[in-house]
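**Student:** One letter stands for each residue in the lines below.
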Amino acid sequence: MSLQLKIKKGLDLNIAGKVESEEIEKLIIPEEIAICPDDYPGFTPKLSCKEGDSIRKGEPIFHDKFHEDVNLVCPVTGVIKQVVRGERRKIMRVVIAPDPDEYDNGYIQDIDPTDEESTILRLARSGMWVLLRQLPYGIMPDPEVRPRDIFVSGFDSNPLAPSFDFILSDKIDFLKAGIDILTRLTDGNVYLTRHHGSKMPDIPGAVMIDIEGPHPAGNIGTAIANIAPVNKGEVVWTVDAPSVTRIGQMMINGDITSTTIVAVTGSEVKTPEYVRTLVGAPMKALLKDNIKDDGRHKRYISGNPLCGINVGEDGFLRRPYYQITVIPEGDDVDEFMGWASLSPSKMSVSRSFPGHFLRKLFSPDARIKGGRRAMIMSGEYDAVMPMDILPEYLIKAILSKDIDNMEKLGIYEVVPEDFALAEYVDTSKLELQKIVAEGLEYMRKETE
Amino acid sequence: MKALRNFLNKIKPNFEEGGKLHAFRSVFDGFETFLYTPETTSTSGVHIHDSRDSKRTMIIVVLALMPCLLFGMYNAGYQNWLAAGATVFPFWEIMAYGCLAVLPTLAVAYIVGLGIEFAVAQWRGEEIQEGFLVTGILIPLICPVDTPLWMIAVATAFSVIFVKEVFGGTGYNILNVALVTRAFLFFAYPASMSGDKVFVPSDSILGLGHNLPESFTGATPLGQVATASGGDVAITDITGKAVSTCDMFLGLIPGSFGETSTLCILIGALILLIAGIANWRIILSVFAGGAFMAWIAHSFETPTYPASYLTVADQLCLGGFAFAAVFMATDPVTAARTTVGKYIYGFLVGVIAIIIRTYNNGYPEGAMLAVLLMNAFAPLIDYCVVQVNINRRLKRIKA
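Residue numbers (our numbering), protein chains in the order written: chain A, 1 to 448; chain B, 449 to 847.
Bear in mind the hints are in silico, worked out from the structure with no lab data behind them.
C-beta: ideal position from N, C-alpha, C; glycine also.
Keep in mind that the hints are not guaranteed to be accurate.
As the list claims (entries may be wrong) - Here are the simulated EDC-like cross-link-like pairs (lysine to aspartate or glutamate), alpha carbons at most 20 Å apart as the crow flies: (1) A/K284 x A/D69; (2) B/K458 x A/E335; (3) A/K199 x A/E23; (4) B/K460 x A/E335; (5) B/K458 x A/D331; (6) A/K8 x A/D331; (7) B/K458 x A/D382; (8) B/K460 x A/D331; (9) A/K65 x A/D173; (10) B/K450 x B/D477; (11) B/K843 x A/D170; (12) B/K450 x A/D331; (13) A/K396 x A/D382.
Claimed, not checked - Over 10 Å on every C-beta distance to chain A, these chain B residues come out as not near it, computed from the model: (14) I507; (15) L517; (16) A532; (17) L597; (18) S747.
Claimed, not checked - Partial chain B-side listing against chain A, Cβ under 10 Å, derived: (19) K460; (20) R504; (21) T618; (22) I838.
Chain B with its partners taken away, still in its complex shape (with noise of 0.2 Å):
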């Protein structure tokens, strides 16, 4: 270590001003802080600070996302083997081409989002912000296995750049990055991005996996509902086989690469709530939220909506309702701040995702545009509650 150390010394004066690498001081800052953590020292106020950074925080929400990542590999590679009719799944194979099928797409994301970013901080001559690393692995978990590279490319450098780094950078940001690059995708290749056909990888990678024919579908549950015409929908898997309520929550059907199982999401959960970095009280009232129009809408079933007939349990689990809920609606960024906000933020999010969902047949799945939608809001329901914390405090001098 030491020697790394001796080298970095060496190396640094090149990156400093005047140096022959001034260019790229950015880039050799955030290397070097990723490596050691910095020797600056407090100059006023508290002479000691707890050990805990931004760093920290979002290598955990990376680590967190690791199970929904894992399982998101199994589950592309076992609806390729499931679609080209196999009866053995050999785990390590199967293993292999998910990770295949992810890797290209969590590479675009990366070098495009950290490019801008490292390209971004040089300019401004400040240091490498850590936001990215997290945004980076949720893009490919909340989008289709097969879209396009290119596509993934151009919706990661418009939301990094017209997101986030025009409002300031990292912190700054009024909406989800992560989730506006899956709705640009969703807006401006809808073809692409829907349908029967992206939600299954379909051609064999380095000789792993199957080719699929032409004539194959692999409608996601969500999909197949908004489909449907009258009366109660059953949703089956690739095969024709049905799917129980259990089976959306292992996760083992069609669907966006790390979003359809929702037992690794709410593994993922506990790490966060463990480690005291997402807030509990989003991802309860996103739940209740949900929960509460689920059960209003299955109340009044019609054949007119046929996401009414899924029960409350169905709804909470498939699609990317849980994800959202657990890794987007919690962003501290784009989410309410205030206590009392962030239940009224959450239950809203929960509420108009299953509305969207249930009634706009246009839109199979609603969980990411209600976030959005409430990223939006979420300044007006802080506005409100920082409002009744004033009136509070002029009403003690009147009394």
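Next comes chain A alone, as it looks inside the complex (with noise of 0.2 Å):
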């Protein structure tokens, strides 16, 4: 069975840096590596190891403190070598030293993939739970509560994202063992959305949604909105299909890769390439002689320039562990009178700049470009949101944090990634993301 759905609202953008070659030249093992429970929203980590342990791939760092079965397992088998804290002794990330030979064995799990109660242990206890999430909130889900659905996102629409069916590519089986398993989980469907013109074929088990039209069709977001919206007590999981075949792969053998295939993107970077390394690698080895040696500050994003982290120089890969992007930072340029500008290198969605009407890749920096004003202008954000949803009417419920109308707008179907591309046409240069991002935090705490 599948869905056609094609979304006009949206907006591609042509940013210099993507990867053109698909072949994977390199193969990277760094001599840390690091995971960061922040990638984890939902997840209260506790520490199930410390310092100076040997390790293996598979065995828990972290458990949940609510939930003490759901572990966050070492993808390499090696040493920790350092618990970093932060304020409040918050864990940031806990630094690993892998073996250089023997970091991909690890240890094997016991898995009967029929009975259903012991499935949900099992991903709990083999780290495959904290891979999916939740809507509302975007956090990880509760493993007593079953969904409506379940919705993978099968492709990346977001600015010099990989292409799944290249890092897909030869993982169709474990995909489709893991959409089997998925199916099991709800009482609903599980969706899988493809891109128009992708090579991946239909899934048995899951319902596909085809998916035609710019940035955000691939926003398990859109899918969710234009499919089946989440209602006030209903909830919803969502996944991406790379998270899915790990899944799958350990349905199938008990284990998993330490390896993940990255794309290395942005206009900072000398040849952008696909490399293969470890989950969790540093930028530097990631990057190693491929930087542009321009004399420029640079940002270096772990994921898109849209939603991606801004991890430094001396960062790691954070999830989901197949992108990072380098792109200039721009606090070094003097740009006189920049709003009179007519120059045709600067990237804008207004026909006031002659780079609009131009078929070209834009090289932009991280500067905001303007700023910080009231919401001025309207229906910015409803021109790149393809959702039922009144986005400037939600922000201001969430600002003023008035939970009623909160819920009323539909919080309960977003998370900050679809408040992306708005942020980014914003003539006011609001922070969406973070707004959205507080006002969910608020709500849960508040609901609960």
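Fit chain to chain and form the complex, with the hints in mind.
**Tutor:** As structure tokens, then:
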């Protein structure tokens, strides 16, 4: 069974630094990797190991404070090198030194895929549960609540994002097995999105959603909003296809791979390329000899330019572990009267910039390019959000902490990434993703 | 450019906390961000931002107003020449005269308005906002050219303070600031703001132009209609010649400084629409609403209401209607914000403007009042549209 979805609202950004060649020439095994519990919202980490411990791939680093069976497992075999803590002793990351020879030899889980009770337990213990997210709130789901449906994102439409067709090409069997497991966890449907023109085959058990249109076509929130929106009281799970292949592999082999394929992208990268490396690898290792030497300040992003994380030069590859982007920071640019500029190198949705009409790739930097203002223009967010949501009103409800209206205006249907494009186009330069994240957090605290 | 940047960097510490000139921080900030795009980079959320910002937006609106401003200059001079009985119209002399006629008003509006903005920004410790760049140029355009300067100053101060700043500044005002300035003048000083003396400059300036005799009258077409009695009205220009629809469209007629030329207003509209700043839905529905109401009025023409004799085209070309549709109703802060709301809002602006103009002989022009009235109702329209969205969401649960 398959559904067709054509979206019109949205925007594809033409940014320089996309990977052209679909080949992997490098296998990068770094000296250390890091796992950050912040990548798993809703998971409250308690350390299961300590500095200096030897750890095998598949053994837990953390377990959840409230669900003891839910583990966050180590993706490699090696030694726990350091536990980095921040304010109030919050664990920022655990640094692991992988064993250069043994890194991929791990602990094989004993799986009986027939029994549902043990399926959930197995997913939880094997570190697969933390890969799932739920709507509302975009957090790790509660193992005791059965979801209405499960939505799997089968492509990523963010700027410079890797092609799932490519990174999943040899993992279709795992994807099938993963989908098969997911179908047992819901009484509703398991939906799998597929980009128009993708080579991904129909996966048995899943309702395929063929989506045509610009970004955010690939955001799972877009599919949910248009196919079966989340109502108050309902829970829907979301997960990306690469994570589903991990779940599938775990169910078939009782094992996971320690490696991942990463798209190294961005205008400040010499040769954008795919590399194979360990989950949580450091940026320095991924970008060795591949950074432009132009003397400009740079921003190192794990993920894409719209919703990635600014990790800095010394940072590590963060979840979802398949893309890094390097762009100019721009704080070293003196731009004279930028608001009057007719330069063709300025990227904009506004037709007042000549660049708007050029079919070229832009190299935008990280400046917000203006001053922060009150919400002045109307309809800007609507133009890039293909959901039945009134974004301006939802944002205003969040800013005024009006729980009643947040609920009525659909806060259960959104996660911060749904507002990324709106944040990009916003003339008033408001921090929409942050506002939404804080709103969700507030909502969760108040209603629990 | 490097030298300028270095100079700014050198004097910057004086304006920071504890510096000698800290009291002028907002002024310095305003100029610095005007000259150089801020180097602020994103700290959360998206790492890249679109190049457009509110400065860009405002400056394009100012640009779109230029045809009206330039035409207004020529028209002011032209009317003066015409009233003096001239037969030759020297272009540059007329332009210079018109420029001198409007310059004081423009300067007063900007000095008073920006002065208040700077002071408030300093007081609140915020960045200067650029909203007044547009308001400051709108004010001279929608006022009669001979409005006394002190009245402009008082009205501008009133509306900037009580319509904008008390509500929180740019983006929070509930009514259009420029229109409130105009309305303030209209209701506070009715004698100086309507009638047949104020729309044509009547003195020579720096030796340019002509001193017109006391007995001179130069009523606007709508003024003539409003004071007419019985039957169809023959609209005439200053010299008594009949005014055709084409003249009304081109705009060489007496009227508020920048509002007379529908052609120039449409050029402005084109600029705004190409740049994607004004909302086409609003402009279209204002004209649709106006045309609809004008058609009804014209279909039931009656001597009691002389304006009902005006054709649809006349109604849309005359007075401040087109200007209000393109530059006033589209103000994003005070217009309806929802898509459906914009159609309703615009349509009602058009309808009400013509109703006031036609069926209330006390007010020759209704566009300004219509926009202000709908500014007040825009939140209600949006509320209804938002409720529809909310109800749709609630229905989903029940289904």
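**Student:** Does each hint fit the structure? Answer for all of them.
**Tutor:** Now the hints, each set against the structure:
For the proposed pair A/K284 and A/D69, the alpha carbon gap of about 35 Å is over 20 Å, so the pair is violated. Restraint check: the Cα-Cα separation between B/K458 and A/E335 comes to about 18 Å, which is no more than 20 Å; the hinted pair holds. Restraint check for A/K199 and A/E23: the C-alpha separation of about 17 Å stays at or below 20 Å, so the hint holds. Only pairs whose Cα atoms come within 20 Å are accepted, and B/K460 paired with A/E335 is accepted, the gap being roughly 17 Å.
For the given pair, B/K458 sits about 18 Å from A/D331 by alpha-carbon distance, which is consistent with the 20 Å threshold. Our distance criterion of 20 Å between C-alpha atoms is broken by A/K8 and A/D331, whose separation comes to about 35 Å. The hinted pair formed by B/K458 and A/D382 fails the criterion: a straight-line CA distance of about 43 Å is larger than 20 Å. For a cut-off of 20 Å, the pair hint linking B/K460 to A/D331 stands: about 17 Å separates their Cα positions.
Distance restraint check for A/K65 and A/D173: the Cα-Cα separation of roughly 34 Å exceeds the 20 Å cut-off, and the hinted pair is therefore not satisfied. Of the supplied pair hints, the one linking B/K450 and B/D477 holds, its CA atoms being roughly 18 Å apart against a limit of 20 Å. Pair hint B/K843 plus A/D170 does not hold up; C-alpha atoms about 44 Å apart against a cutoff of 20 Å. Pair hint B/K450 plus A/D331 holds up; C-alpha atoms about 16 Å apart against a cutoff of 20 Å.
A C-alpha spacing of about 14 Å is found between A/K396 and A/D382, which places the hinted pair at or below 20 Å, so the restraint holds. For B/I507, the condition that its CB be more than 10 Å from all CB atoms of chain A is violated, with the nearest at approximately 6 Å. For B/L517, the condition that its CB be more than 10 Å from all CB atoms of chain A holds, with the nearest at approximately 18 Å. Listed as outside the interface, B/A532 is consistent with that label: its C-beta sits roughly 41 Å from the nearest C-beta of chain A, beyond the 10 Å cut-off.
Every beta carbon of chain A lies more than 10 Å from that of B/L597, the smallest distance being close to 30 Å; the non-interface claim holds. Against the 10 Å criterion, B/S747 stays outside the reach of chain A, whose nearest CB is about 35 Å from its own CB. Violation of the interface hint for B/K460 is found here, the shortest Cβ-Cβ separation to chain A being roughly 13 Å, above the 10 Å cut-off. Annotation: B/R504 was flagged as interfacial toward chain A, and the flag holds, the nearest CB pair being 5 Å apart, inside 10 Å.
A cut of 10 Å between beta carbons decides the hint on B/T618: the least distance to chain A is about 6 Å, and the hint holds. About 4 Å separates the beta-carbon of B/I838 from the nearest beta-carbon of chain A, less than 10 Å, and the hint is met.
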